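Q: Sequence:
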Amino acid sequence: MPLKIAMIGAGSIGFTRRLLQDVLAVPELQDTVFHFTDISKDNLGMVRQLCQKDIRENKLPAKVLATTDRRRAVADADFVICTIRQGGLEAFATDIDIPLAYGIDQCVGDTLCAGGLMYAQRTIPVLLDFCRDIRELAKPGALFLNYANPMAMNTWACNAYGGVNTIGLCHGVQGAHHQIVACTQLWARREGLIGKDEKVSKHDVQTVFAGINHQTWCIRADWRGHDLIPLLPELFPLHPTFSKTEKVRIDVLRRFGYYSTESNGHLSEYLPWYRKRPREIRRWIDLSSWINGETGGYLRVCTEGRNWFETDFPNWLAEPSPEIGPKNRSEEHGSWIIEALRTGRTYRGHFNVPNHGHITNLPGDAIIEIPGYVDRNGIHMTHVGDLPLACAATCSASVHVQRMGMEAAVRGDATLLKQAMLHDPLVGAVCDPEEVWQMTDELLVAQASWLPQYKNEITAAGQRLAAHEKNGTRVKRRPTRGAARLKTRDAATLARDAAAARKNAAAADKGNLTA
Numbered sequence: 001m002p003l004k005i006a007m008i009g010a011g012s013i014g015f016t017r018r019l020l021q022d023v024l025a026v027p028e029l030q031d032t033v034f035h036f037t038d039i040s041k042d043n044l045g046m047v048r049q050l051c052q053k054d055i056r057e058n059k060l061p062a063k064v065l066a067t068t069d070r071r072r073a074v075a076d077a078d079f080v081i082c083t084i085r086q087g088g089l090e091a092f093a094t095d096i097d098i099p100l101a102y103g104i105d106q107c108v109g110d111t112l113c114a115g116g117l118m119y120a121q122r123t124i125p126v127l128l129d130f131c132r133d134i135r136e137l138a139k140p141g142a143l144f145l146n147y148a149n150p151m152a153m154n155t156w157a158c159n160a161y162g163g164v165n166t167i168g169l170c171h172g173v174q175g176a177h178h179q180i181v182a183c184t185q186l187w188a189r190r191e192g193l194i195g196k197d198e199k200v201s202k203h204d205v206q207t208v209f210a211g212i213n214h215q216t217w218c219i220r221a222d223w224r225g226h227d228l229i230p231l232l233p234e235l236f237p238l239h240p241t242f243s244k245t246e247k248v249r250i251d252v253l254r255r256f257g258y259y260s261t262e263s264n265g266h267l268s269e270y271l272p273w274y275r276k277r278p279r280e281i282r283r284w285i286d287l288s289s290w291i292n293g294e295t296g297g298y299l300r301v302c303t304e305g306r307n308w309f310e311t312d313f314p315n316w317l318a319e320p321s322p323e324i325g326p327k328n329r330s331e332e333h334g335s336w337i338i339e340a341l342r343t344g345r346t347y348r349g350h351f352n353v354p355n356h357g358h359i360t361n362l363p364g365d366a367i368i369e370i371p372g373y374v375d376r377n378g379i380h381m382t383h384v385g386d387l388p389l390a391c392a393a394t395c396s397a398s399v400h401v402q403r404m405g406m407e408a409a410v411r412g413d414a415t416l417l418k419q420a421m422l423h424d425p426l427v428g429a430v431c432d433p434e435e436v437w438q439m440t441d442e443l444l445v446a447q448a449s450w451l452p453q454y455k456n457e458i459t460a461a462g463q464r465l466a467a468h469e470k471n472g473t474r475v476k477r478r479p480t481r482g483a484a485r486l487k488t489r490d491a492a493t494l495a496r497d498a499a500a501a502r503k504n505a506a507a508a509d510k511g512n513l514t515a
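For the sequence shown, this note's numbering assigns the number 1 to the initial residue and increments by one for each residue that follows.
Please keep in mind that the hints were generated in silico from the structure rather than gathered at the bench.
Some clues are possibly wrong.
Capping the alpha-carbon separation at 30 Å, the derived lysine-lysine pairs in BS3-like fashion look like this [claimed, not checked]:
| hint | residue 1 | residue 2 |
| --- | --- | --- |
| 1 | 202 | 63 |
| 2 | 487 | 53 |
| 3 | 247 | 59 |
| 4 | 487 | 455 |
| 5 | 59 | 276 |
| 6 | 202 | 244 |
| 7 | 487 | 276 |
| 8 | 41 | 63 |
| 9 | 196 | 53 |
| 10 | 276 | 199 |
| 11 | 53 | 63 |
| 12 | 63 | 487 |
Cβ-Cβ distance ranges computed for the label pairs, FRET-style [stated by the list, open to error]:
| hint | residue 1 | residue 2 | range |
| --- | --- | --- | --- |
| 13 | 203 | 59 | 29 to 39 Å |
| 14 | 331 | 463 | 30 to 40 Å |
| 15 | 380 | 186 | 14 to 24 Å |
| 16 | 478 | 378 | 29 to 39 Å |
| 17 | 320 | 244 | 19 to 29 Å |
The structure displayed is predicted, hence computed values, not measured ones.
By construction, the Cβ of each residue, glycine as well, lies at the ideal position given by its N, Cα and C atoms.
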């Protein structure tokens, strides 16, 4: 029987088309039946047309079905892939703008900090609905591959409360690996270990990353028997690009001794040190690309990408489809995991899974990101042992925030949500407790339509805000555009460089794109 893959949130053009092409690059999987589902009929229809065109022009036997009936899509699926953004760009804007009024300047806002915590409140209840559908309708043992952020909290909820084997997938490790390779190549040329035109590939540098999603640390790196870990604090500041674009990561590397997977903008908002004083933020970031720390940068590029896709869609249909095959296959883990489970060809990657003693100095119920390999017998995760103490301390602080945020989303517990906000490293560095309480009330009210589990709490939050307003006891907000916010470009402006706009709209990994 052909493989069936259900894709929830398939109106996401970047992920859906990319993952479909990756799966169909495997000869044994070219008759796969993809069943797309999304709450937006229009987005779903556009993506379906593009994917059907890709299949037709590559002369493949695969099929694409599409429906807004999620349970129909999940029925009899071998794998279920989730790429949703619950609340869409409308909710995402409040994740950024409301905290900014309280001095919390976020670049991404989808993993931790105020934005990531609210994202979890919206997303976890619907993920648990997906898990119910998988238990009831998918094939026994169907694997849930989750790409939706906040990765750790979402994957934690699905495994702890959803009753479905869920693996969280992210491309942060691959990006950091490529950076280490680039630094190694410069060093090896400088030291005369390779010729001036000789290259170091990702296959030449063996690495182990371990930690939690978006705070995963390179704890081992080897090239031709050279231990690279003690060299990295010297090599990264010498790189002509990274020395400008990765100032936060390099500073943490210098102080911790280990390099973090996530980009400058990501990492800066998970820590209490680099974004707490607006006048100092510019010191740590670079605006050549949003991912280097731009205020609300991810919201901007996502908004521009969606607007351009809708504007430019007829041209997407008119242009030739890319060739589907091994040479155009991406590094996204999803297709490689499916290939390994179906064919037995071994795949090694870094995956987000429950910590069953793999990292011995992180909590046992946390979701961790560590190396694993996949074959026909399943997914096998490796034992890491202790993380270096500073890395473990940073991850532990985030894990406790993640646990509170996840439990708050499951229970609809506003007090626990506020406590998670209070303990978040950046929120706690910027806000006092009363500011945290008021900000959370404001976020709950603004996002009421996506938070059914908080119905009664939201009514009370609105009453508290009104009473503070009436009594003159409301905390004063700080109107600001942020330390480094760029204007979202409209379609006419984007049209001046249509190729770049199209690349942004099509990208699953928008972190590779410049502004």
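Q: Which earlier hints can't be squared with this structure?
A: Hints 1, 2, 3, 4, 5, 9, 10, 12, 14, 15, 16 and 17 are the ones this structure does not satisfy, whereas the remaining hints hold.
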